[in-house]
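Read top to bottom, the protein sequences are chains C and A.
Going left to right, the first sequence walks through residues 571 to 719 as the working numbering numbers them.
Going left to right, the second sequence walks through residues 571 to 719 as the working numbering numbers them.
The set of hints was computed from the structure by calculation and includes no laboratory data.
The model shown is predicted, which means the values in this text are computed figures rather than measured ones.
Where hints are given, some of them may not hold.
Identical copies carry no separate label here, and so any pair may be met within one copy or between two of them.
Stated by the list, open to error - List time: in silico SDA-like cross-link candidates among lysine to any residue, alpha-carbon distance up to 20 Å:
| hint | residue 1 | residue 2 |
| --- | --- | --- |
| 1 | K597 | F607 |
| 2 | K597 | R719 |
| 3 | K597 | H638 |
| 4 | K597 | M571 |
| 5 | K597 | A572 |
| 6 | K597 | H636 |
| 7 | K597 | D640 |
| 8 | K597 | H634 |
| 9 | K597 | A639 |
Here are the chains, one letter per residue:
Number of protein chains: 2
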Amino acid sequence: MAQLTETLLLFAARSEHVCQVIEPALKRGAWVICDRFTDATYAYQGGGRQVDATQLALLEQWVHPHIHADRTWLFDVPLDVARARLSHARTPDRFESEGAAFFQRTREAYLARARREPERIRIIDGRRSIDDIRVQLQDEIHTLVTATR
Amino acid sequence: MAQLTETLLLFAARSEHVCQVIEPALKRGAWVICDRFTDATYAYQGGGRQVDATQLALLEQWVHPHIHADRTWLFDVPLDVARARLSHARTPDRFESEGAAFFQRTREAYLARARREPERIRIIDGRRSIDDIRVQLQDEIHTLVTATR
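Could you build all of it, start to finish, from the sequences and the hints given here?
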């Protein structure tokens with residue numbers, strides 16, 4: 571599949587997700603939690619696939635001009651840790667099957683994005699225990715919810 | 571489905587079609603004939619769905635910057651003729667199920683596009699007999715092939 575095809579399909583899926591699920595949920599006052607959103611697209615497609623960032627910015631603006639993630643949590647682990655974990659998991663998907671260079675570019679793009687917006691994009695050290703991470707997330711979500719009340 | 575979703579899916583499909591089929595065919599020197607290409611997208615999505623033409627122009631430029639149709643034949647019939655023919659055909663698809671206003675906008679957009687580029691986009695009066703139309707197409711294709719030799 572061409573890289574541009576993949577990017578267009580991702581934004582087509584996001585467009586439906588926004589229209590069918592996210593916008594109605596926000597309208598009824600719900601909080602929305604997504605497993606990956608457009609920050610991930612800048613990392614995987616922009617960094618990993620090296621798709622032109624101006625194309626991604628335009629697609630983002632077309633597909634969800636009025637919606638952005640208030641907070642993104644990036645669960646970060648070094649490549650060797652990710653590899654070791656994946657080897658015990660399910661059959662790899664089309665991204666998980668990529669080589670080390672792809673993951674290196676994706677990770678670097680994501681970390682660079684997080685460094686530019688340190689308040690909005692929070693880096694979670696994924697090598698810590700699940701319990702430790704849960705406590706950190708609970709604290710951060712509590713702070714976020716309190717701040718917006 | 572949101573109009574933008576449909577547009578992104580169409581260009582995702584076109585991207586694969588261009589990469590997998592059209593470009594390899596052109597590279598080996600073949601002539602390529604498509605049943606609808608991007609002129610149709612300007613008519614159906616631009617005219618019918620009223621998607622912003624600047625979005626269509628950007629997607630066209632991203633997906634096939636170096637490929638354009640040398641000749642487009644628009645088989646045109648009035649709406650009532652199209653309706654009568656469709657009623658005898660298969661189950662209507664998502665475009666064929668649209669109402670008269672959609673087809674009116676699509677047809678007007680396509681005819682306006684043909685008037686702006688009368689040499690490249692040829693209007694075929696679809697009310698004529700199949701034999702008449704075949705003769706006209708054979709003549710035009712012969713002229714086109716001869717001109718490019």
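Tested hints:
| no. | hint | result |
| --- | --- | --- |
| 1 | K597 / F607 | within (19 Å within a copy, 38 Å between copies) |
| 2 | K597 / R719 | within (16 Å within a copy, 61 Å between copies) |
| 3 | K597 / H638 | within (14 Å within a copy, 43 Å between copies) |
| 4 | K597 / M571 | between (36 Å within a copy, 19 Å between copies) |
| 5 | K597 / A572 | between (36 Å within a copy, 17 Å between copies) |
| 6 | K597 / H636 | within (12 Å within a copy, 43 Å between copies) |
| 7 | K597 / D640 | within (16 Å within a copy, 48 Å between copies) |
| 8 | K597 / H634 | within (15 Å within a copy, 38 Å between copies) |
| 9 | K597 / A639 | within (15 Å within a copy, 44 Å between copies) |
Figure legend: structure checked against the earlier numbered hints; every hint is met.
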